[in-house]
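*Asks:* The primary structure of each chain is shown beneath.
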Amino acid sequence: MNKRTCVVVGIIAGLLTVGGSTVQAARIFFLPQEVTVGRETEVSMFLDTEREDINAVEMTIRFDPSSILIRDINDGDSALALWIERPRFSNVDGVVTFSGIIPGGYESGQARLAGLRLVTRQEGNVEFRIENSRVLLNDGLGTRANLVPARLLLTAAEKVYPEVTIVPSDDTYAPELFQPRIIHDPNIFDGLYVLVFAAQDKGSGIDYYAVHESRTPKTFVSDSEWQRAESPYPLKDQRRTQYVYIKAVDKSGNARIVAVELASQRWWQQYHAWSIIIGGVLAVLAAGLAVFIRRLQKKRNER
Amino acid sequence: MSDVQNLCFRKSETARRVTALFLVTVLAMGAFTGARFVLSAAVNVTATVQITVQSACSDGLDNDGDGLYDYPNDPGCSDPTDTDETNIPPSPPAGGGGGGGGYVPPPIIVNFSGRAYPRSLVTLLKDAGVAVTTVAGQDANFKIQLTSIAPGTYLFSVYGEDNRGNRSALLTFPVNVVAGTVTNVSNIYLAPTIAVDKEEVKKGNVIAVFGQSVPLSEITIGVNSQEDVYVKAPADQNGVYLYNLDTIVLELGQHYARSKSTLEGFISPFSKSVGFKVGTQDVYAPTRKCRRADLNCDGRVNLVDFSIAAYWYKRTLSPAFAPIEKNRLNGDGKIDLVDFSIMAFYWTG
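Chains as they are written, first to last, in our numbering: chain A, 1 to 303; chain B, 1 to 349.
Just so you know, these hints were derived from the structure itself, not from any lab.
Ideal Cβ placement from N, Cα and C applies to all residues, glycine included.
Certain hints may be false.
Said to hold, decoys possible - The list that follows gives simulated cross-link-like pairs (lysine to aspartate or glutamate, DMTMM-like), each with its CA atoms no further than 25 Å apart:
no., chain 1, residue 1, chain 2, residue 2
1, B, 289, A, 139
2, B, 314, A, 230
3, B, 314, A, 190
4, B, 203, B, 161
5, B, 314, A, 131
6, B, 334, A, 131
7, B, 202, B, 246
Stated by the list, open to error - In silico negatives: residues of chain B with every beta carbon more than 10 Å from chain A:
no., residue
8, 65
9, 166
10, 187
11, 208
12, 279
13, 286
14, 326
Isolated chain B, as found in the complex (with noise of 0.2 Å):
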């Protein structure tokens, strides 16, 4: 049995809030030309995520390092929408020669912060890389700030690890990373993690649902049947929850679970979905020594895993990569673009 998103849900208010979001910020930012800007739109809508981005001469910030920050009291700053305080240089005298320094690009900043579980590892991806790993706080929050990295558009990704080693699935966004500004990503809110105590469950036994969350929050829980059961638990002060689901009202075959979290008006995105089936048996779930699409099998689904998957790539599978191919991608005896996706959907980086 194994935990693929269910396609009978459909997608979350949310979700579609969030992705107008960073629409609206994209096609922004697309015509971004150095003034200072900060989303309004945010304002009026539960976003997950809230992107601002600063320019050099409004961050605060000594970009140049004269000792001076921000106009008006920077003279390399043209007014409050320049993104770049580096000194104008005077000309040369007529007839004189002068040596040049080299040129230092405007320094870029991006700041993510926002939500995950008390204490876990929380990874930034960057463009599917590991860029920085972090712990959030016993209040769940975390803070994490990156630099040195050139203007453009960059794929961010984050996820985080609850108490038991399960994790979240990612929150991706598009930022356009602009140089001499400074852009903050904040009201990042994970979803939660999610997982249930039996691959198989008896008609009217009981399934733990659980999982970690925001302290205190509110978890909603959604199974998909015949008709959708929601049910609500509250987080506790570790934002551990757990929900004793009775399956008497569910009918026989395949289901699939899945959360999402609640606190102030803040809304996470709906977690990764959690099967099971309800049949004549309990069967508890198994501990995966090797979770999907982690082809190496060292806990992670990478460019490691990647690699090996593009070594077989229209290639005739050996007798000993087969059995992996089957039991960790799709099975069909080859590694296609089906498999590539199975990937990026469990990618850890």
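Just chain A, with the same shape it has in the complex (with noise of 0.2 Å):
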């Protein structure tokens, strides 16, 4: 084999080593990848894993504000369920970041991440560029997966059809049932009682959460007694005897509330412990009064 026919073999074996790796890398992609101008419309973002079993992801993606203004991002329905940090976006920067983890992995094909609710501001392409980004291996080793592309191409045309808009969200369901936990370790604010949650809402997505601490068990809490919170969130009570509730609220106003059972109170913590304590208290002075009362008419009714 001479030189010349070696360089083209070079090449040739490059291309194919360099095409084998794009086709087994992960895919982001855009659904629909076409939008009308001017209208306000989700754009799921999705992760094609091509075969490969991924279970974290870290995106930071780049865009032009003055073609494109993001209203919201939509996390629900995510195959990312637990959340590193939670969408963000900046329309002043022309930013969107987020991180997080599907336990277990995911190798099953397409992977929704974030529903990005957009409008385009002039027709054309308009790009969106994959920074600093990275998806890993589910291998226990955190083994970072080749991701493709470094850019997402989103048309904005006059008229798009069929049209896909945002409709008037009809998610009725609350969110998913959830076990917050309060924890106590050295190792997380220094050793006091933290509170830790996650919610999953399929529908619109999480909102918020809300934490209320009360001396007293509630079956109503006022709107005004709610805190907002984010996980972990340490506690105020940190002699664990209030009873705590965590509101979890999606971006439809649903909202699941839960109560976290009580740690063990002493006897004289307890609220019901008091009530039935002045409730004894109080039956026991009115029988004494009432035989008191009884016995001084009779002594009158003997004089």
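Assemble the dimeric complex from its two separately framed chains, guided by the hints.
*Replies:* Rendered as structure tokens:
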């Protein structure tokens, strides 16, 4: 084989190698890829795992704010079951960021990551650049998987058929039942009692969480008593004598309220115990008073 | 020595088939419009999981509680593919007013069934949280029913815990749950558990590879080497298998073993990989107090560990937490996406 043949064979082999690796790389894409100019549309961002078993995603996506306005990000129905950083966006800096994990991994094809609710300002192709992003394999080592492409295109047209537009949300389901935990570990908030939680919402996505700590058990908590919170949340009551309620609210306003079981209390710290004691004392006093009045009447009658 | 997944193995054909099956299922379900849906593709492949969906009007259940069920018995069913049995109320007479009842969403039922290990604890995770735990029968079969969930795409994972407390790899599959349907996820076949008795074995000596699977199944154990070694061992009536591997055929250095189970034409996915070294001495495997990614050392990897890691995300580690990160995560002195990926791999919920 002469030198020229070697070079040609080398180039072909190199191209085949690159081609092969590209085929097996995880792929990011939008759906739909065409939107109507000026109309708010939810564009879902999908990860095609290309038969790789993926369990962690970290994305930074840059866009031109003069071409696109992002109104909101819907993180409902995402394959990322736990967010390390929930989706955030800035129309000033032109950036969308998020990171999360898929416990157990995902290799079943196309996984929705998040939905960008956006409005395009002009016709033509709008470019999103994927920077400092990575997807990791579910191999116990966090091995980096190939990720393509480096940029995504969204086509904005005067009219797109069929029209995909944002309709008023018909999400009538509350967030999924979730299991908050109160933990006490020296490696988080210096060993304070901390509330940890994560809820899922398959419709419009979680909007916010709120916490209420109460000395008494409640069946209703007024709006003013809730305090917005994020996990992990250090409790105000570090003696663990109060009832803790947490509310997950989705973007359609549906709420799921969950109570955390109270830690073991001394008897004098229990609301019910004092109710019984006070009730008992009042009953005894009432009975004594009744006996006293009866005796008094009896004496009067005897006179 | 850690029991990390071995990258030297190729993905099994079964895993690829399962993946393809899931893909077909998910795509098909995406287009599902209420018609009775049976995944016929599952008939011709050796699938680990089969997913079928039945509409409310063909599931044999009285979904709206009116005493009638399914088409044509229930007047709320327009045809067998209808996903809602709820009877449509007659229109109020003109000019009159009338109160209306509240909307009751059609029920959703998801059934899971498959094989684990005899009398083993089987855990079903829904989007990373423990949804249900159950105990498999002596024949290793288990059944789980899930209700009261909203429509949407869920990531369900199943794992088993054997008689020695070793856990199987998570078997994860996405399921698109549709209102008014019964979804059956069947033929789940959990991977065997696997362990070895030594973390280092003198070349030429024997290392015991053992674990648990379905009773009387055939276990294939693979060990990576210059030429991969594959051996077979039978599981006994309790599903326990043991193979004493002669290491004379292995070169010096680090190796990984993993296993899969076969019974009646069904093949499980491969187990987690367990590592050992072929060297110059025998060193028995220590009993680990805290497993990988178990940051609070409670025997589980779940939201608590995730929250502890999230607390240190992008922060300088404290002197107390740094050794924990070193021993149970990737040991690079910081918490980043790689540590969370390790945690996701060892997740127990």
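*Asks:* For each hint, tell me whether it holds in the structure or not.
*Replies:* Hints, verified against the model:
1. Taken as a hint, the residue 289 of chain B and residue 139 of chain A pair is honoured in the structure, with Cα atoms around 22 Å apart against an allowance of 25 Å.
2. Among the hinted pairs, residue 314 of chain B with residue 230 of chain A is consistent with the structure: their alpha-carbon atoms are about 17 Å apart, no more than 25 Å.
3. Of the supplied pair hints, the one linking residue 314 of chain B and residue 190 of chain A holds, its CA atoms being roughly 17 Å apart against a limit of 25 Å.
4. Proximity of residue 203 of chain B to residue 161 of chain B is assessed by CA-CA distance (about 31 Å); at most 25 Å being required, the pair is judged violated.
5. Our distance criterion of 25 Å between C-alpha atoms is met by residue 314 of chain B and residue 131 of chain A, whose separation comes to about 19 Å.
6. This hinted pair checks out: residue 334 of chain B and residue 131 of chain A have alpha carbons roughly 21 Å apart, not beyond 25 Å.
7. Under the criterion of a C-alpha separation no larger than 25 Å, the hint pairing residue 202 of chain B with residue 246 of chain B is consistent with the structure, at around 10 Å.
8. The beta carbon of residue 65 of chain B sits about 20 Å from the closest Cβ of chain A, which is more than 10 Å, so the claim that it is off the interface holds.
9. Residue placement check: residue 166 of chain B keeps its beta carbon more than 10 Å from all beta carbons of chain A (closest about 15 Å).
10. With a minimum CB-CB distance of about 16 Å to chain A, residue 187 of chain B clears the 10 Å threshold, and the non-interface call stands.
11. The Cβ of residue 208 of chain B lies farther than 10 Å from every Cβ of chain A, with a closest approach of about 23 Å, so its non-interface assignment holds.
12. At roughly 22 Å from the closest C-beta of chain A, the C-beta of residue 279 of chain B stays outside 10 Å, upholding its exclusion from the interface.
13. For residue 286 of chain B, the requirement that its beta carbon stay farther than 10 Å from each beta carbon of chain A is met, with the minimum near 19 Å.
14. Interface exclusion of residue 326 of chain B from chain A stands, the closest Cβ pair being 13 Å apart, more than 10 Å.
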